[in-house]
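Protein sequence lines, in the order shown, are assigned to chains W and V. With the first sequence counted from 1, adding 572 to any position gets you my numbering. With the second sequence counted from 1, adding 572 to any position gets you my numbering.
Hints in this document: simulated from the structure, not taken from any laboratory. Keep in mind the model is a prediction, meaning the values are calculated, not measured. We put the CB at the ideal spot given by N, CA and C, even for glycine. Each hint should be verified, as a subset may be incorrect.
Computed Cβ-Cβ distance ranges for the label pairs, DEER-style [unchecked claim]:
| hint | chain 1 | residue 1 | chain 2 | residue 2 | range |
| --- | --- | --- | --- | --- | --- |
| 1 | W | T663 | V | E736 | 14 to 24 Å |
| 2 | W | K588 | V | G692 | 17 to 27 Å |
| 3 | W | A772 | V | P634 | 42 to 52 Å |
| 4 | W | V781 | V | P634 | 21 to 31 Å |
| 5 | V | A774 | W | S768 | 46 to 56 Å |
| 6 | W | A783 | V | N633 | 20 to 30 Å |
| 7 | W | K693 | V | K696 | 43 to 53 Å |
| 8 | W | E585 | V | N646 | 36 to 46 Å |
| 9 | V | G729 | W | S768 | 52 to 62 Å |
| 10 | V | A592 | W | K588 | 52 to 62 Å |
Cut-off 25 Å, straight-line C-alpha distance, at most; resulting in silico cross-link-like pairs (PhoX-like, lysine-lysine) [said to hold, decoys possible]:
| hint | chain 1 | residue 1 | chain 2 | residue 2 |
| --- | --- | --- | --- | --- |
| 11 | W | K703 | W | K662 |
| 12 | V | K776 | W | K608 |
| 13 | W | K662 | V | K776 |
| 14 | V | K776 | W | K594 |
| 15 | W | K662 | V | K696 |
| 16 | W | K693 | W | K703 |
| 17 | V | K693 | W | K706 |
Number of protein chains: 2
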Amino acid sequence: MSETFLSPQQVVELFKWRYATKTFDTSKKISDADWKAIEECLVLTPSSFGLQPWKFFVVDNPETRKELLANSWNQVQVVDASHLVVLAIKTDVNDGDVDRYLQSTMDARQVTAESLEGFGKVMKGFLANPKLDKGAWAEKQVYIALGQLMSAVAVMGIDACPMEGFNPVKYDEILGLTAKGYRSVLVCPVGYRSDSDKYATAAKVRYSVEAMVEHL
Amino acid sequence: MSETFLSPQQVVELFKWRYATKTFDTSKKISDADWKAIEECLVLTPSSFGLQPWKFFVVDNPETRKELLANSWNQVQVVDASHLVVLAIKTDVNDGDVDRYLQSTMDARQVTAESLEGFGKVMKGFLANPKLDKGAWAEKQVYIALGQLMSAVAVMGIDACPMEGFNPVKYDEILGLTAKGYRSVLVCPVGYRSDSDKYATAAKVRYSVEAMVEHL
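For reference, chain W alone in the conformation it holds in the complex (with noise of 0.2 Å):
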């Protein structure tokens, strides 16, 4: 193990250099390694029971993204950032999902299909519950996977700029997201910030943490 850490001290910097990017480098790529990593980092979001209800589609089309740009409030930082993910759930997350995730566990920790029947119960019991909203509780998820993005490319020194503005039923049509059995949720750009975006040095807008944070 090599671990590099950093100082809690030096993550409050990272998270006050990161901002919401609104005018990218359009000249500036990040490296097919680097977005190789990036991807690793949103696969390896947390997520309630370890389920995973999602999949991260990245557009590479500079066609489709100008489809995507006018459904987007014309936000350009659809079209101008080096990379684009859109943040799906799946549509139906059922008993299969269960028992493919029951199968990865096997596999990923050689443990027998009797160890886990007890979890895989919980956890279909928990998706048959009428008060449950699946969908609801799957995009939820999806807001941990984004805040996983964001905090390791700020980490990363690499901008993003999450977005909820943009027109969802178009997107999963442009990008056959529906016919795949998936439903996008959040738009995220990812790439370097433009040197002319005045909101870089912008003032934050946060509550103090006095306000924000009590002690019981």
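Using the hints provided, position chain V relative to the given structure of chain W.
What follows is chain V alone, placed relative to chain W:
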């Protein structure tokens, strides 16, 4: 500026190092200076419009933590971890919150109320939309905060255990959150893993990048 960044490959190693810690070392406390920085990281979490519809409660009182334990499926992390964070949303996000946020923006950026008028209208219109489930919207934002918290402490070499498995109604009662206008959504014990936690070395169960990331 003197930010220290990590390489994308280093961040991948750190996200592999992190895991949902089940057994914390009860003898290890996070130092006050480090904990203060972790609170800052939480408060720096980005949110929809920047509205920060949340509050973070840190439960210091050991007796209170024991009470919470009984409402957390007896997951001992709740009492064993150095610190316990309850991530909560404001029960009713309303126009007053928008006004408070606009004031905070004026203060931070030295801009006029007039320059923010349009932005304020957009936010109030968003909150007034009868189709919006405000609670669900605020809950999702708190999942970003959880993602940011987990990523942040991982990068610092500090452990955490994200938890949805607790009784929020009981938590709200025990911590008096309802009276304060908040509702608990997520719990996150933070501290240092015990040498005896067998989960620390268990293989991580994640689908492959090839299965979870698709280029279009």
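Tested hints:
1. W:T663 to V:E736: 14 to 24 Å: Given a distance of about 21 Å, which is inside 14 to 24 Å, the answer is holds.
2. W:K588 to V:G692: 17 to 27 Å: holds, 25 Å
3. W:A772 to V:P634: 42 to 52 Å: holds, 44 Å
4. W:V781 to V:P634: 21 to 31 Å: holds, 23 Å
5. V:A774 to W:S768: 46 to 56 Å: holds, 48 Å
6. W:A783 to V:N633: 20 to 30 Å: holds, 21 Å
7. W:K693 to V:K696: 43 to 53 Å: holds, 46 Å
8. W:E585 to V:N646: 36 to 46 Å: holds, 39 Å
9. V:G729 to W:S768: 52 to 62 Å: violated, 37 Å
10. V:A592 to W:K588: 52 to 62 Å: At 28 Å between Cβs, range violated.
11. W:K703 to W:K662: holds, 19 Å
12. V:K776 to W:K608: Holds, at roughly 19 Å.
13. W:K662 to V:K776: holds, 22 Å
14. V:K776 to W:K594: Cα-Cα ~35 Å, so violated.
15. W:K662 to V:K696: violated, 31 Å
16. W:K693 to W:K703: Holds. K693 (chain W) to K703 (chain W) sits at ~17 Å (cutoff 25 Å).
17. V:K693 to W:K706: violated, 32 Å
This entry does not satisfy hints 9, 10, 14, 15 and 17, going by the numbered hints stated previously.
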